[in-house]
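*Asks:* For reference, the chains in residue letters:
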Amino acid sequence: MKAITMNASMRALVKSILGAMLGLFLGLMICWFTGESPIKILKILFQSAFGSGYDFGMTLFYTAPLLLTGLAVAIPFKSGLFNIGAEGQLTMGALAASAVAVVAPNVQSPVLAIALAVVFAFVGGGIWGAIPGFLKAKRGSHEVITTIMLNFIAAGVSAYFTLYVLKDPNSAQAETLLLPSVYHLKAFECFNGAPMGPLIFWLLALVVFLYFWMWHSVWGYELKAVGENEKAAGVYGISKQKIWMSSMFLAGGVAGLVGIIEVLGNSHRFKIGFSADYGFVGIAVALVARGNILGIIPSALLFGILQKGAGSLDLETDKVTRDLSYIIQGLIILGVAAEGLWTRKRK
Amino acid sequence: MQSIQKLALVLGSLLVLSHSAMAEIKVGLVLEKSGKDDKSFNASAYQGVKRAEKELGVTTKTVEAPDNSAYESLQRAFSEKKFDIIVAVGFHQLESVRNNAARFPNQKFVLVDEDAKMPNVRSVMFEEQEGSYLVGALAALHSKAGKVGFMGGMDVPLIRRFQLGYEAGVKKINPKAEVLSNYLGVTGEAWNNPPKAKELAFDQFNRGAEVIFVAAGNSGLGVFDAAQEKNKLAIGVDSNQNWVKPGYVLTSMLKHVDEAVFDSIKLYKEGKFTTGLIRYGVQSKGVDYAMDENNAKLVTANDRKKLEALRADIITGKIKVPDYYLIQNGQKKK
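So the protein lines, in turn, are chains A and B. Mapping the first sequence onto our numbering, position 129 (from 1) lands on 129, and the numbers just tick up by one. To convert a position in the second sequence, counted from 1, into our numbering, add 1000.
Don't read these hints as lab results, they were simulated from the structure. Quick caveat: nothing in here was measured; it's all calculated off a predicted structure. Honestly, I wouldn't trust all of these hints.
Stated by the list, open to error - From the structure, some residues in chain B lie toward chain A, with a derived Cβ separation under 7 angstroms:
#1 N1068
#2 F1091
#3 A1145
Each residue gets a CB set at the ideal place from its N, CA and C atoms; glycine is no exception.
Isolated chain A (complex conformation) (with noise of 0.2 angstroms):
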């Protein structure tokens, strides 16, 4: 049984990976249109994403809120359920994660503020995601319509508080205090300057705990049950109610830790719009990973290299321009999700 399992997953990391191929290549052969040669393109990208030790930290920058967003999408996503609402999500988590100095502005011991930190961001964000899982459970909503729509209210609620509560004085900007040192994250020495630091090590570790937690503990196991076929998984006297709440709550505060690498270890405050879209791209991030939980780790690198590439292609050539990296990006969607392009030879 494990055997077939693992076959069919093999089977689709190698889909998406001929998909994610094909999609690059076709954007490559856009820019010979252009008259840029689609070598130099390529070299243009890796340069910019392991050229320096700077550029590299950058790209892990610019990777890590994506593994926490394509986490967010992947796990509501094996219980039925499509979440739109990462952005949203990661912007309370980030909102709650700069409120914690006023909370608590007397910390002494760093790990104790990071911690407290930690929980403010996954609670601020996992309330968000908990809404619509509510929502949903308790009146039916469709969880697609309720979490775009808390993607605005959360941008409304950041903005007011941002903008008359926690609002710098100094500042001209929409932005919030300055966090104590106490609650500032180390970045790597070799980054010389790009804010990535130990986190990253963390997070990964979150993507391969969640992993195993998903194979091997009884909720894991409900939430798989909920999302196959709800009215099996009700037979058998699981509550496809505890388990929407539960998911969208986990999916919530694991994208609301996006907060952690932007408030604590980049800014150190809430900035509004410092989100490069990571809630939107996460969904192609668990696309692409084809909602296996660790494939989200590759997945998430893929798009954080095309986004950190998306200047250096203004930069570096005449004719293409920053619009390229998000042709290829979805083309390479396409390309994944032309799954028929791969299965019909086997028929």
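Add chain B to chain A, keeping to what the hints say.
*Replies:* Relative to chain A, chain B alone:
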């Protein structure tokens, strides 16, 4: 005689060519997310750089940031490529310019719309409240019932600064006038939502506003549409937008980012580049109201006389235009 002239011309141009080849100045421009086609703020900076390319013979390269975390790495890439000046546009780039200015102390930066307070940065700021004051006065002159409107894009301190100056200008002409005001939103989407701007403009016009000043980037187009349909007036912002709907755009509050950028590059070429905070107000016409053939019939000679009198009073300090930034800081001290 003629051949000597020709020879001199050829020699002269050769000299110029070799000179410019020797000291080729490279300018890197980092734009905000909205990019060079925003018909407003970033477009203006882009025009300034393109003009410098044409008139001063400098080499330029423009990049548009894909997201708000990309500014630092883009500026850094320019610096590592040994560009002479890096022009960073928009208040979002403040922190990244400060970090890079510290990392590359010999690199010259120009930052538009914020004060970096670094020894190698020329910070260019505009007195938006002064220009807004003048268009506010003009709006009041064109409102018989004493009701005008203000429409802001995203609710940020910069736009509050426009609003405060505008309201003061309106009240200067007609102390009893009422200013209706709306903001389009709290996310970046607010700069790019013409349909919502149009609906809110209809609402303001229906409540009796006769002129609406819109400071909302791309969304302003919706207000111009509404003004045309209701046969009322609108006031544009940043670039000269009088041409968008001739006859319905009373004027535009100009913010000459292009001039500021061009001036900086020119000064660098002449070896007179200075750093520190440079303010562009109504005196230097860095902010101004736009006059051209599209609004020549709308703004009478009498109006202009009054506006020029106000301008003179602002310059001499007889009129103190309230500045939202200062008020904001004042609140902190209390």
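*Asks:* With reference to the structure, classify each hint as holding or not holding.
*Replies:* For each hint, the structure was consulted:
1. At its closest, the beta carbon of N1068 (chain B) sits 6 angstroms from a beta carbon of chain A; the interface hint therefore holds under the 7 angstroms criterion.
2. Annotation: interface hint on F1091 (chain B) holds; nearest CB of chain A at approximately 6 angstroms, less than 7 angstroms.
3. Checking A1145 (chain B) against chain A by beta carbon gives a least distance of about 32 angstroms; that is not within 7 angstroms, so the hint is violated.
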